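Trainee: Here is how the chains run, residue by residue.
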Amino acid sequence: MKRLLMALLIAWPAAAFAQSQCVKCHAASDDAKQKAIVKSFASDIHREKGLSCHSCHGGDPAKSDMGEAMNPEAGFTGVPSRADIPKFCGKCHSQPSFMKKYNPSLPVDQELKYSTSVHGQKRKAGDDKVAVCSDCHTAHAIRPAKDPVSSVYAKNIPQTCGRCHADAKLMAPYKIPTDQLAKYTRSVHGKALLEKGDSAAPVCNTCHGNHGAVPPGVADISQVCGMCHVNNAEFFKSSPMAEPWAKRKFHLCATCHTAHDIQHPTTQLLSSENGVCLKCHRPESKQLQVATGIKSELELVESSYAGAEKAILAAEEKGMDMAEARDLWGAARMSMYQARTTVHTFRAQDVAKIADQGIASARKAAQAALDAVTDFRNRRVGLGVATLFISLLVLALYLKMRDIESGS
Amino acid sequence: MRDFTRKDFLNLFLGGGALGLVASTVYPVLRYLLPPEQVEAEPDALKVGAVKDFAVGTSKIVKFGPKPIIVIRDVKGNFHALTATCTHLDCIVQYSKDADLVWCACHGGKYDLSGKNISGPPPRPLTQLDVRVAGGDVTVVKTA
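Protein chains in written order, with this note's numbering: chain A, 1 to 408; chain B, 1001 to 1144.
Chain A with its partners taken away, still in its complex shape (with noise of 0.2 Å):
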């Protein structure tokens, strides 16, 4: 009986949909637009919770006759222009009363974020070409944004977005870049959601907002990027360089990390030849002293956490148990993150505290892993003399049965 009402309550609105006029007219369309429109709706979320086209369009899907199933003094809206479309879709997704219906947790100020968003400010303006709901989240093939096959599911955001600012003919007359996808792609963040499959990795709108969108302001950067990465954020607060970098209004953590194109930080970012440093501080500077210090306590402990993780993988392979060394080990990891955080302090003393106590780890687990494999190579040479004994002692019986047998 359940199994028959969970049956029935997932045919009803395909039951309901295919029964419409509106859908027998446009499916038998020799408009291949509209017959592709039909097709798609099929598999969107307002059709799978009841609703059809008479539902966002208006009319009545029961008539057969065109004039009175699309009679504007009936409700028939038609297609609406895109510049209302917002205002379309927030009929319904600006309605609390409404939507709670479908889904309570959906939030319903989306339309009332779009109006503050650039989209909706430039649509404001008068421009009808910036992005409106259906550019996001297509017309008739809209799915929830945890749906894999969603445009706004994360995995699929960046070519969402890419679609036109990627675009570079479209972008033209905003005069803004069109390598952000280009960049992302290539970035730390777009190899983690795009090539490991991390979901949690941020994508366009994690850090620009999606219905409210805007590029994030000098001051804002710190915020965005601090919302993941918090010590990064609070250290470089209190570090000597926050207050002279907000007065030259300096791009925060983009002024080394770059905003798109932001790569795996490595030691070469503190270089003396190449760095990002040198971007202000000349190289023989006192500033530049304190990256290379940075730096040198960093490649320490990052040469001794590999040096040890190399000692015990070749005890392991010799089968050795390797329980405790990997838990000093995963205190000098542990070490070294906190001293590569910690850099953001810009204070020497302080990274070194941190990564003298890694190094120590490292060190400990090395030599538990060398001590391990020394061990090994004892056991392997008492193998090899309890065996050459047992050889002798059975040359030995043999030689002394002989003897017994002969009498001597």
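Keep in mind the hints are simulated off the structure, nothing from the lab. There could be a bad hint or two in this list.
Said to hold, decoys possible - Sample of chain B residues lacking proximity to chain A, with all beta carbon distances greater than 12 Å (derived):
#1 Asn1011
#2 Gly1057
#3 Lys1076
#4 Asp1090
To be verified - BS3-like cross-link-like pairs, simulated, lysine-lysine; straight-line CA separation at most 30 Å:
#5 B:Lys1063 with A:Lys318
#6 A:Lys87 with A:Lys100
#7 A:Lys237 with B:Lys1063
#8 A:Lys364 with B:Lys1060
#9 A:Lys39 with A:Lys155
#10 A:Lys100 with B:Lys1060
#11 B:Lys1110 with A:Lys191
Values in this document were obtained by computation on a predicted structure and should not be read as measured data. For each residue, glycine too, the CB sits at the ideal point set by N, CA and C.
Given chain A, work out where chain B should sit, using these hints.
Mentor: Then chain B, alone, in the frame of chain A:
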């Protein structure tokens, strides 16, 4: 003095061999009877101490089999146990008495006392374990 004959040599060698054989049999038996203290198998439950060992607003990192866990007595005196490895980059988390939450010193990730990731980079929650307090002892039990 009697000459050391081949027969003597063989007898000595065989006697020594017999002793070696006994030793090589007895040693593994002793090692088996006295196993190393290190326990690597993951237990279902672990007594982590007495209630009096945990002051209010403190925590303890202990090994639950091969994995570290954090046992917390929060500011209200309630016990919590969570896996102690941050889900971001495997650092060991800590309890912050002031904020009454769990945080990671590496990148500033934060979790509530049920293990849910609430701020910063951790992508997943920490695994929660049951804490049973009985007879003045605190025991952590693996959740079913």
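Trainee: For each hint, tell me whether it holds in the structure or not.
Mentor: Here's how the hints hold up against the structure:
{"no.": "1", "hint": "Asn1011", "result": "8 Å, violated"}
{"no.": "2", "hint": "Gly1057", "result": "22 Å, holds"}
{"no.": "3", "hint": "Lys1076", "result": "26 Å, holds"}
{"no.": "4", "hint": "Asp1090", "result": "7 Å, violated"}
{"no.": "5", "hint": "B:Lys1063 with A:Lys318", "result": "25 Å, holds"}
{"no.": "6", "hint": "A:Lys87 with A:Lys100", "result": "19 Å, holds"}
{"no.": "7", "hint": "A:Lys237 with B:Lys1063", "result": "36 Å, violated"}
{"no.": "8", "hint": "A:Lys364 with B:Lys1060", "result": "23 Å, holds"}
{"no.": "9", "hint": "A:Lys39 with A:Lys155", "result": "24 Å, holds"}
{"no.": "10", "hint": "A:Lys100 with B:Lys1060", "result": "45 Å, violated"}
{"no.": "11", "hint": "B:Lys1110 with A:Lys191", "result": "24 Å, holds"}
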